[in-house]
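Residue numbers (this note's numbering), protein chains in the order written: chain Y, 1 to 211; chain E, 212 to 379.
Honestly, the hints are just simulated from the structure, not real lab data.
Note that the structure is a prediction, hence the values are computed from the model and not measured.
Just so you know, even glycine gets a beta-carbon here, dropped at the ideal spot from N, CA and C.
Check before you lean on any hint, since a few could be wrong.
Calculated cross-link-like contacts (lysine-lysine; reagent style DSS-like; alpha-carbon spacing at most 25 Å) [claimed, not checked]:
1. E:Lys298 - Y:Lys139
2. Y:Lys205 - Y:Lys63
3. Y:Lys63 - Y:Lys166
4. Y:Lys166 - Y:Lys141
5. Y:Lys63 - Y:Lys74
6. Y:Lys131 - E:Lys298
7. Y:Lys77 - Y:Lys139
8. Y:Lys86 - Y:Lys139
9. Y:Lys86 - Y:Lys117
10. Y:Lys135 - E:Lys298
11. Y:Lys196 - E:Lys327
12. Y:Lys74 - Y:Lys141
13. Y:Lys77 - Y:Lys135
14. Y:Lys117 - Y:Lys64
15. Y:Lys196 - E:Lys298
Heads up, incomplete: computed chain E residues facing chain Y, CB under 10 Å, no partners named [claimed, not checked]:
16. Gly304
17. Leu320
18. Asn323
19. Gln357
20. Asn361
21. Asn362
22. Pro366
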Amino acid sequence: MKRNVLVVGIVVIVLGMLSLAGWANWQNRKQAAAALRAQQSQAILVPASNDDPAHMSSPLVGKKAPGFTLTNLKGQKVSLADYKGKAVQLNFWATWCAPCKIETPWLIDLEKQYAPKGFEILAVSFDDLDKDDPKLLAKDKAEIVHGADALHIGYPVLIDGDSISKAYGDVEVFPTSFFVDRSGTIVAATMGLTSKDDLEGNIRKALGEGN
Amino acid sequence: MYRVALGSALALSIALAANAQAGNPFGDLKSHASSSKSTAVTYLFPEQVTVPADKPSAVDLHFNIASGLHINSHFPHTDDLIPTTLKLPEDSGVRLARANFPDGVDFALPVNPKEKLSVYTGEFTVHAELVAARGEHLVEATLRYQACDNNACMPPHSIPVVIDVIGK
Numbered sequence: 001m002k003r004n005v006l007v008v009g010i011v012v013i014v015l016g017m018l019s020l021a022g023w024a025n026w027q028n029r030k031q032a033a034a035a036l037r038a039q040q041s042q043a044i045l046v047p048a049s050n051d052d053p054a055h056m057s058s059p060l061v062g063k064k065a066p067g068f069t070l071t072n073l074k075g076q077k078v079s080l081a082d083y084k085g086k087a088v089q090l091n092f093w094a095t096w097c098a099p100c101k102i103e104t105p106w107l108i109d110l111e112k113q114y115a116p117k118g119f120e121i122l123a124v125s126f127d128d129l130d131k132d133d134p135k136l137l138a139k140d141k142a143e144i145v146h147g148a149d150a151l152h153i154g155y156p157v158l159i160d161g162d163s164i165s166k167a168y169g170d171v172e173v174f175p176t177s178f179f180v181d182r183s184g185t186i187v188a189a190t191m192g193l194t195s196k197d198d199l200e201g202n203i204r205k206a207l208g209e210g211n
Numbered sequence: 212m213y214r215v216a217l218g219s220a221l222a223l224s225i226a227l228a229a230n231a232q233a234g235n236p237f238g239d240l241k242s243h244a245s246s247s248k249s250t251a252v253t254y255l256f257p258e259q260v261t262v263p264a265d266k267p268s269a270v271d272l273h274f275n276i277a278s279g280l281h282i283n284s285h286f287p288h289t290d291d292l293i294p295t296t297l298k299l300p301e302d303s304g305v306r307l308a309r310a311n312f313p314d315g316v317d318f319a320l321p322v323n324p325k326e327k328l329s330v331y332t333g334e335f336t337v338h339a340e341l342v343a344a345r346g347e348h349l350v351e352a353t354l355r356y357q358a359c360d361n362n363a364c365m366p367p368h369s370i371p372v373v374i375d376v377i378g379k
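Looking at chain E on its own, in the form it has when it is part of the complex (with noise of 0.2 Å):
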């Protein structure tokens, strides 16, 4: 039990300390996270978007977690965990007018079966709907999550949402 906990930590420690430091105190784990630079989620596409300006149009975008983890739903099933958040920054020239997550799927950590976590893993899609005023607006909209494997939590992270998105 105790290595298969290490053994998962360690892999979440390689899947998400992109940012390790040196002293880190779990020996060289340090050598691993700073191979890696991959996070817990990513962002696949699109780069670009053209909808009409000033009109409401829909936009998936897709996301991919690192295999091995999991992330908290838009819905979990408890108040303290922390939901899966799309925002966009207020003076991009888009507004976020509506963003449908996905629906988590149910999950439960191997030594606690009973309880049940919603959580998405693999990849995902969430339905933005986006309005933007006329011309080509680089926005970094911001996608908040909370990642964890079977026996260990990260603290909540933030990715950036890098889309160009046309109005015409």
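Okay, chain Y solo, but in the shape it has when bound (with noise of 0.2 Å):
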């Protein structure tokens, strides 16, 4: 009697530890599926950003802009010390990006109307490269043309931006344009799909128009 009491009393303390393991994992589980919703829940907008003003420049204003020399789809080097005296606007894209395909026409007409007062544009191509394979490289520099001529674009664009990502900051956001004076120097940057009117002030800005 008093052995089936003890064994009956340790299969309900075994139940009772299991019970108690199940529902401490069942915890667990729960608070690890709150905190993945936590951690997503930090990628929402965050408007708060939006009225403080040091969002809206780069510290990389008022400095020099990083040289590089790059290579256009012709396969010529192109530099930017090939600019010096001109106010460049560098904008960084790739054919990929929706809101680059909305900002390029603007771009288009913004250079035409300010190339006679010494104004470039440079896009920077993000698209990637498969530099260890020649067929592939060939087929990811023929998809960068095709890209570039529908959107028509005319000024010069050159492959391969990952490779002056880091000088610039490490760009991962598209499209993003840096805007530099006559001096070399990064008067304004853009992060993102803005409008024409503020690429226009910043170009003018470039040009020693603007504020």
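Build the complex: two chains, separate frames, hints provided.
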């Protein structure tokens, strides 16, 4: 009798422990799910930044634009230094970037309008390049050419933007533009699609016409 | 417009720039980005499935897209947009016989309402058909996607989809 009671007692304790472990496990999973949700909620658009002037500029503004040499779609080397004395907009874009396609016609218009004053746009493509495989590399380049043609881009398109990304602060949002004045200083920067008016204001700033 | 765009771009960075590094040109974006480890897309479940060995078996893979963002569907409307795709490593003991992606939802950027994109937002499910050899296989599949918000895009990105597949 005593032995039966002991066995039943042990079974009850074991079952209790198992239940406790199950409950603890469920709690852990619940907490993990809540943590995941909380983590994801951090990705919600944050309006607080909109009124903070700190977000409207860049630490690179006021500094010399980092120099670079890239290749254009014709295979020719192009350096930022080649544009000394001109106002330049470095427009970081990619063929897969839908907002860039909206911005490009504005840029084409603005480039035509301000070119006589000494303004140039350099489009820097961030499309992936399979550098280790000549066939794939040729295909990648052809796709960039196709993308630029489809958008009727007349200004120079440079490839391999990734190679200068670090110098410009690890650009990871497209479109991004840096506006460089005639002395080679970055006077404005934009990240994401703004408006034609904003772009024009920054171009005028680079030309020394605006604030 | 400028403020909206910057705010939106900022949020995109917060959402996606888990690997943001010092020297970010956009000021204190860095501090926000470094506080967030989230990516645009998160794999939800299942973590483990048991399927009949050597037979095609349906497995639904569930994903979540961070609020405020969208990714191209598996069938974008134009060739230049990067579709969402799923791949399994070849030598994992599990083969992806088929992956049925949901249809995308038509979406237009506010500034260009006429041009429709085919995108996923929120949660979406890929109906996969797996063929597993007998035994247990820890499979690290890859979901590749390209995310944007209303004003800016991030480069294409891949996330691991880790599933313990047991073929019985």
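Let's test the interface hint: is any C-beta of chain Y closer than 10 Å to that of Asn362 of chain E? Interface hint status for Asn362 of chain E: holds (4 Å vs cutoff 10 Å).
Is the interface hint for Leu320 of chain E satisfied, with its Cβ closer than 10 Å to some Cβ of chain Y? Cβ of Leu320 of chain E sits 6 Å from chain Y, so the hint holds.
Let me know if the C-beta of Asn361 of chain E comes in closer than 10 Å to any C-beta of chain Y, holds or violated. Cβ of Asn361 of chain E sits 8 Å from chain Y, so the hint holds.
Satisfaction of hint between Lys117 of chain Y and Lys86 of chain Y, Cα-Cα up to 25 Å: holds, 9 Å
CA of Lys166 of chain Y to CA of Lys141 of chain Y, is that 25 Å or under? Since the Cα atoms of Lys166 of chain Y and Lys141 of chain Y sit roughly 22 Å apart, the hinted pair holds (cutoff 25 Å).
Would the hint linking Lys117 of chain Y and Lys64 of chain Y be met if the CA-CA limit is 25 Å? holds, 21 Å
With chain Y as the partner, please determine if Asn323 of chain E meets the hint condition of a C-beta pair closer than 10 Å. Holds, because the Cβ-Cβ distance from Asn323 of chain E to chain Y comes to roughly 5 Å (cut-off 10 Å).
Can you confirm whether the C-alpha distance between Lys86 of chain Y and Lys139 of chain Y stays at or below 25 Å? Cα-Cα ~33 Å, so violated.
Take a quick look at whether Lys74 of chain Y and Lys141 of chain Y sit within 25 Å of each other, Cα to Cα. holds, 10 Å
What's the verdict on Lys63 of chain Y and Lys74 of chain Y, does the C-alpha distance respect the 25 Å limit or exceed it? violated, 31 Å
Keeping to a limit of 25 Å between CA atoms, is the pair of Lys205 of chain Y and Lys63 of chain Y held or broken? Holds: Lys205 of chain Y and Lys63 of chain Y sit about 15 Å apart, inside 25 Å.
Is the hinted pair Lys77 of chain Y and Lys139 of chain Y satisfied, with a Cα-Cα distance of at most 25 Å? holds, 20 Å
Checked against the numbered hints given earlier, this structure breaks hints 5, 8, 15, 16; the rest are met.
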